[in-house]
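2 protein chains.
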Amino acid sequence: MPKIVDHDARRAEIVRATWRIIARHGFESATMREIAAEAGYANGALKPYFATKNDLLRATYQFVFEQTNDRASAAHDDESGLDALTRFCREVLPLDATRIDEARVVVAFWGAAENIPAAQDQHITSMGMWREWLIDWLTQIDPSRDQTAGADVLLQFLLGAQITAALNPNRATAEGYEAQLATLLEGLVGVRPSD
Amino acid sequence: MPKIVDHDARRAEIVRATWRIIARHGFESATMREIAAEAGYANGALKPYFATKNDLLRATYQFVFEQTNDRASAAHDDESGLDALTRFCREVLPLDATRIDEARVVVAFWGAAENIPAAQDQHITSMGMWREWLIDWLTQIDPSRDQTAGADVLLQFLLGAQITAALNPNRATAEGYEAQLATLLEGLVGVRPSD
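Going down the list, the sequences are from chains A and B.
Here the first sequence is numbered in the working numbering, starting from 1 and rising by one per residue.
Here the second sequence is numbered in the working numbering, starting from 1 and rising by one per residue.
FYI, nobody ran anything at the bench for these hints, they're computed from the structure.
Please note that the accuracy of each hint is not assured.
One copy or two, it doesn't matter: identical chains are merged, so the pair holds either way.
[Said to hold, decoys possible] Result set (DMTMM-like, lysine to aspartate or glutamate): computed pairs, CA atoms no more than 25 angstroms apart in a straight line: (1) Lys47 x Glu28; (2) Lys47 x Asp83; (3) Lys53 x Glu91; (4) Lys53 x Glu34; (5) Lys53 x Glu28; (6) Lys47 x Glu79; (7) Lys53 x Asp6; (8) Lys53 x Glu178; (9) Lys53 x Glu132; (10) Lys47 x Glu91; (11) Lys47 x Asp70; (12) Lys53 x Asp146; (13) Lys47 x Glu13.
The model shown is predicted, which means the values in this text are computed figures rather than measured ones.
Working from the sequences, and respecting the hints, build out all of it.
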């Protein structure tokens, strides 16, 4: 009887290994051999799952995107308006070591994505989704004005925070990001974040 | 008599060639040979100026940083407060084709910089400079409150806008960025940008 291999589990394992390596020393210098070793596989075992390093980077970005959305899922399931918006922003902002590692993955992804149409599409789709959520939540807080520009400002802020966290970790403090989020939400919709 | 070579001019020419290539198809796939050809030099002629591709990327980032500051220099020389702040933000925001090309350079730089301590230092120094300027101008507009968090929000916004421009050019419209800047400044300091 042939050995049964759980391909989804194996893919997930490889992606998590890639994530750890990017967090440790970035993506550019990582090799397929090193990623295979980190995941506990022989060199060459990655190829059936991810043909190229860029495929792997795209899958790792997708993993981070979904992981962030999972953590913030209560914003959709149980909350709305300010509570939902605050929860979501806190899951995106690099407030702890895990989220700073996530920032390192997305910054590496952006740098490579300029040159890979499929990665650009992935960015456009995922950020389009977040933008719609932001517009909805801001509109729930203050329906009296068009919140499109406000949602775009908030999205740019969340993306910019990833760069600061990845490249200037000394300035990436939870207190700093919380103060910035409070200042921004007060400016956009006149309220402070929920507790 | 030996031929006199203007090394600074040659370095600048190579950097401008790199800039054009990154704008065209990104940095990752660019080769030293291609950059040399674009600058009009034989393969190998780059090495005395830039030993590695990463040295070249760092020099190109520095070129974009200084070019942006040059364009915004009137903000320091002749202006203050809202006028200075508005001028500076408009020179950083990807409002035209040149500035969208600049965005592509900085996004490529960030992706690589995670892994290069000297590039990280370069990011920290240059962004530290901008941050001080933003704090000064915001404080001139409204001295009644601590503008540190506001300046950080504005800086994250300006960085995030580079990513959107590099990866989602369809959404990178001058009208959109102007509306976002107006919304943000109104929220932070209660005024709209200058004309």
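Hints, one by one, checked against the model:
Taking identical chains as interchangeable, the C-alpha atoms of Lys47 and Glu28 lie at most 25 angstroms apart whether they share a chain (18 angstroms) or sit on different chains (21 angstroms). With identical chains, the CA atoms of Lys47 and Asp83 are never at most 25 angstroms apart, being 43 angstroms at best within one copy and 55 angstroms at best between copies. Taking the shortest alpha-carbon separations for Lys53 and Glu91, neither the intra-copy value of 27 angstroms nor the inter-copy value of 35 angstroms comes in at or below 25 angstroms. In this assembly of identical chains, Lys53 and Glu34 lie within 25 angstroms of each other by CA distance both inside one copy and across copies; the values are 11 angstroms within and 22 angstroms between.
Taking the shortest Cα distances, Lys53 and Glu28 sit within 25 angstroms of each other both inside one copy (9 angstroms) and across copies (12 angstroms). With identical chains, the CA atoms of Lys47 and Glu79 are never at most 25 angstroms apart, being 42 angstroms at best within one copy and 58 angstroms at best between copies. For the identical chains of this complex, Lys53 and Asp6 are intra-copy neighbours only, at 22 angstroms inside a copy versus 41 angstroms across copies, given an alpha-carbon limit of 25 angstroms. In this assembly of identical chains, the alpha carbons of Lys53 and Glu178 never lie at most 25 angstroms apart, being 35 angstroms within a copy and 37 angstroms across copies at closest.
Taking the shortest alpha-carbon separations for Lys53 and Glu132, neither the intra-copy value of 31 angstroms nor the inter-copy value of 39 angstroms comes in at or below 25 angstroms. Neither within a single protomer nor between protomers do Lys47 and Glu91 lie at most 25 angstroms apart by alpha-carbon distance, with minima of 33 angstroms and 45 angstroms respectively. Proximity of Lys47 and Asp70 under a CA criterion of 25 angstroms is satisfied in neither setting, with 28 angstroms inside one chain copy and 48 angstroms between copies. Taking the closest pair of Cα atoms, Lys53 and Asp146 never come within 25 angstroms of each other, the shortest separation being 42 angstroms inside a single copy and 45 angstroms across copies.
Taking the closest pair of Cα atoms, Lys47 and Glu13 come within 25 angstroms of each other only inside a single copy of the chain (14 angstroms); across copies the shortest separation is 41 angstroms, beyond that limit.
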